[in-house]
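Colleague: Chain residues, written in single-letter form:
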Amino acid sequence: NAGVTQTPKFQVLKTGQSMTLQCAQDMNHNSMYWYRQDPGMGLRLIYYSASEGTTDKGEVPNGYNVSRLNKREFSLRLESAAPSQTSVYFCASRSGGSGNTIYFGEGSWLTVV
Amino acid sequence: GESVGLHLPTLSVQEGDNSIINCAYSNSASDYFIWYKQESGKGPQFIIDIRSNMDKRQGQRVTVLLNKTVKHLSLQIAATQPGDSAVYFCAERGNNAGNMLTFGGGTRLMVKP
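In order, the protein sequence lines correspond to chains A and B. For the first sequence, the working numbering assigns the number 1 to the initial residue and increments by one for each residue that follows. For the second sequence, the working numbering assigns the number 1 to the initial residue and increments by one for each residue that follows.
No lab work stands behind these hints, which were simulated from the structure alone. Hints are not guaranteed to be accurate.
Said to hold, decoys possible - Chain B residues, not near chain A, derived (Cβ > 12 Å throughout):
1. 22
2. 65
3. 71
4. 78
5. 82
6. 93
7. 113
Unchecked claim - No farther apart than 20 Å at their CA atoms in a straight line, the calculated lysine to any residue pairs in the SDA-like style are these:
8. A/9 x B/38
9. B/42 x A/37
10. B/42 x A/22
11. B/42 x A/8
12. A/57 x B/83
13. A/57 x B/100
Heads up, the beta-carbon is just placed ideally off N, CA and C, and yes, glycines get one too.
Next up, chain B with everything else stripped away, as it sits in the complex (with noise of 0.2 Å):
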């Protein structure tokens, strides 16, 4: 069946570094895949997603890596700031009736002032 694991579940990191947060998943007709941010209390909330027809996208200081070969998905976040700390989760689109996600269990991120 489809899976989504996240290699690490917490990530500690100093202000001013860069994360990456790295996530497998098992279904190879996967075709979208999508990184949220869950704050403490809050709902996930949209970081950057990426088709299975790319292997990289950019947005505003958070990259995505798309790694098909061994299926594995990464998001990179530069210069990390104490208002990353969050729990990020993967999450990933199957060929299934009604574009269900798949998620992944979570890495908390904590950032360390």
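Next comes chain A alone, as it looks inside the complex (with noise of 0.2 Å):
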């Protein structure tokens, strides 16, 4: 059991340039989440998708889009880097309903030049 699995772990990209993180989590959960952490701050929410089939803007959506490919995943795309974009990104699920854990991926680390 994985639990929620995110890759690359890192990458550098030059501005202009796009991407795409993917997670996949083997939880069987319902809802999963993308954030970003930047130093000095708390996680901020990108983009969530509260089930497979929907995805809503999170705090700091511009400049990402999102696919719930199935219910197992959930990709995060940079279409044009930009330096604001350097941070480390987090993927998360939660299985639904009230009161259930957040589970995180182990990061992955994004440099934008």
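Assemble the dimeric complex from its two separately framed chains, guided by the hints.
Modeller: Following this line, the structure appears as structure tokens:
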């Protein structure tokens, strides 16, 4: 049982390049999330998917797109990377209902130069 | 708006002592709170949670206290060990679609041998 798995772990991009962060969970969770974490700041929600087939914007969605490919997978895409998107990205999932814990992946370190 | 913050950005304790990490929240409608531990280079790891209808919950060596009157949350770690060194985040869930969490900025706990 791997939990939440995200790839790649490290990536360097040039400004204007595009890339997709992949995330998969094997816990049969309904909800999935993408967060970014910047130095000295807490986690900020980029996008989330409450259930398969739905996606919604979080606190900081600009510059990103997401796809809930199926129940297991939730990808985050940067169409034209900017230096301001240099951050650590975390995928997370939750089973659903009230009070359920959100489980996080190990993180993806992205640098845009 | 919703906000979650921490009183102390860095806490240094002696091994074996008890640690107390504090958190303030502003949304009186929040009904669920979580503490996460994040070690360097890893994703946040669930420690303990508490619902708003409780004021105390205990786990293994950890206790969470909730004071809704002053909107204050604390995490107590008994007999702090070197392995407890990490950044600790509190998070709250308000009345929002998707059961999104709002995270505080984090407190770094340093355990001195």
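Colleague: Next step is simple, just say for each hint if it's right about the structure.
Modeller: Evaluation of the provided hints:
1. Here residue 22 of chain B stays apart from chain A, with its beta-carbon at least about 15 Å from theirs, past the 12 Å limit.
2. The claim that residue 65 of chain B lies off the interface holds: its Cβ sits roughly 18 Å from the closest Cβ of chain A, which is beyond the 12 Å cut-off.
3. Every CB of chain A lies more than 12 Å from the CB of residue 71 of chain B, the least distance being 17 Å, so the non-interface label holds.
4. Even its closest Cβ contact with chain A, about 22 Å, leaves residue 78 of chain B beyond 12 Å, as expected for a residue assigned away from the interface.
5. Every C-beta of chain A lies more than 12 Å from that of residue 82 of chain B, the closest at about 22 Å, which supports listing it as non-interface.
6. Against chain A, the non-interface label of residue 93 of chain B is violated: not every CB pair exceeds 12 Å, the least being about 8 Å.
7. The beta carbon of residue 113 of chain B sits about 27 Å from the closest Cβ of chain A, which is more than 12 Å, so the claim that it is off the interface holds.
8. Annotation: proposed proximity of residue 9 of chain A to residue 38 of chain B holds, straight-line Cα distance about 16 Å (limit 20 Å).
9. Restraint check: the Cα-Cα separation between residue 42 of chain B and residue 37 of chain A comes to about 12 Å, which is no more than 20 Å; the hinted pair holds.
10. Of the pairs offered as hints, the one joining residue 42 of chain B and residue 22 of chain A holds, with about 17 Å between alpha carbons and a cut-off of 20 Å not exceeded.
11. A threshold of 20 Å between alpha carbons decides the hint, and for residue 42 of chain B with residue 8 of chain A the separation of about 14 Å falls inside it, so the pair holds.
12. With a CA separation close to 36 Å, the supplied pair residue 57 of chain A and residue 83 of chain B exceeds the 20 Å bound.
13. For the hint pairing residue 57 of chain A with residue 100 of chain B, the CA-to-CA distance comes to about 11 Å; that is within 20 Å, so the pair holds.
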